[in-house]
Amino acid sequence: MASQNNDPFENSLAQLAEAQKTAKIEPEIYEIMRKPQNFLEVKIPVKMDSGETRTFVGFRSQYNNARGPFKGGIRYHPNVSPSEVKALSAWMTWKCATVDIPYGGGKGGVICNPKEMSKGELERLSRGYIRAIAHAIGPDVDIPAPDVYTTPEIMMWMVDEYSKIVGHYEPAVITGKPIDKGGSEGRTEATGFGGAYIVREVAKHLKMDPKKTTVAIQGFGNVGSYAAIKLHEMGFKVVAVSDSRGGVYAADGLDAGKILPCKEEGGTVEACTHLGLLTKTNGFKKITNEELLELPVDILIPAALENAITHENANKIKAKAIVELANGPTT
Numbered sequence: 215m216a217s218q219n220n221d222p223f224e225n226s227l228a229q230l231a232e233a234q235k236t237a238k239i240e241p242e243i244y245e246i247m248r249k250p251q252n253f254l255e256v257k258i259p260v261k262m263d264s265g266e267t268r269t270f271v272g273f274r275s276q277y278n279n280a281r282g283p284f285k286g287g288i289r290y291h292p293n294v295s296p297s298e299v300k301a302l303s304a305w306m307t308w309k310c311a312t313v314d315i316p317y318g319g320g321k322g323g324v325i326c327n328p329k330e331m332s333k334g335e336l337e338r339l340s341r342g343y344i345r346a347i348a349h350a351i352g353p354d355v356d357i358p359a360p361d362v363y364t365t366p367e368i369m370m371w372m373v374d375e376y377s378k379i380v381g382h383y384e385p386a387v388i389t390g391k392p393i394d395k396g397g398s399e400g401r402t403e404a405t406g407f408g409g410a411y412i413v414r415e416v417a418k419h420l421k422m423d424p425k426k427t428t429v430a431i432q433g434f435g436n437v438g439s440y441a442a443i444k445l446h447e448m449g450f451k452v453v454a455v456s457d458s459r460g461g462v463y464a465a466d467g468l469d470a471g472k473i474l475p476c477k478e479e480g481g482t483v484e485a486c487t488h489l490g491l492l493t494k495t496n497g498f499k500k501i502t503n504e505e506l507l508e509l510p511v512d513i514l515i516p517a518a519l520e521n522a523i524t525h526e527n528a529n530k531i532k533a534k535a536i537v538e539l540a541n542g543p544t545t
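So for the sequence shown, the numbering used here puts the first residue at 215; every next one is plus one.
For the record, the hints were derived by calculation from the structure and aren't laboratory data.
Mixed in with the good hints, there may be bad ones.
[To be verified] Restricting the straight-line Cα-Cα distance to at most 25 Å, the calculated cross-link-like pairs of lysine-lysine (BS3-like) are:
(1) Lys500 - Lys329
(2) Lys333 - Lys249
(3) Lys451 - Lys418
(4) Lys500 - Lys530
(5) Lys395 - Lys333
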């Protein structure tokens, strides 16, 4: 672990310092890599359904574009912070470089609780955010995308607003759009499926039989849900999944393909019990996110937010391997 600090950006800098020792990065380049090239903080006034006007705070961190345009998602979450956005943009920079993708790293976010906002309020917020950062983005400059609690529909509102500003339709300004609006087939599933393939390779390396390999996944958004679905298809035993409200455990495995539509209907994976999908006949029980992390499984997948595994709970982790699908889940 790079750091015992729960500050995301400080953690990213600690990781960079560790990498510098091995990579022998030139001092002047190392210093450049320690801070974002640009950081925007914007105020977004939004007319709420009640008639009142609320001002939201948003950010866009453009970390480094030495390899190409800044690239990275936009998240809507109550805990969005400058430190988090800077860290996410740093990690995007390094991820793109590691796999030789010709993009730099960027990230954005707005402090809000989208679960408590109407569709109209979210649209007005999204358009306002793009108006505030439009001067700093573009197909050859900075290309946003979906992230936590942002959707293809939200991306399309942003494309539409940006197009109005520049005077022509510009779908290339944002990725993650709906398929019928120029989005890419498989984009929604890609990260989770990719994580599942990594788990498969980890299992091979550790000489684990998929049918006997137990997996627990914290986070059941796009990444966690599709990782669970693909792992189930591959024959792995996914015994636990969770979202922000809690999780479920079944000793003989869960069919994630059935849990996903259940969550979509009920709003949480725990809703599957109320809808009659899960019963106690297969060793089922409800669990907390903390309990999921400490299960005696073979492979643990943190696929939610940062700081899931810290110095406070690391000694309680019983998994033989941890496959990180979230950004910065381990401090």
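Okay, the hints, checked on the actual structure:
1. Lys500 - Lys329: holds, 23 Å
2. Lys333 - Lys249: violated, 35 Å
3. Lys451 - Lys418: It holds: about 15 Å lies between the C-alpha atoms, which stays within 25 Å.
4. Lys500 - Lys530: holds, 19 Å
5. Lys395 - Lys333: Holds - the C-alpha atoms of Lys333 and Lys395 are around 19 Å apart, at most 25 Å.
The structure shown violates just one earlier hint, number 2.
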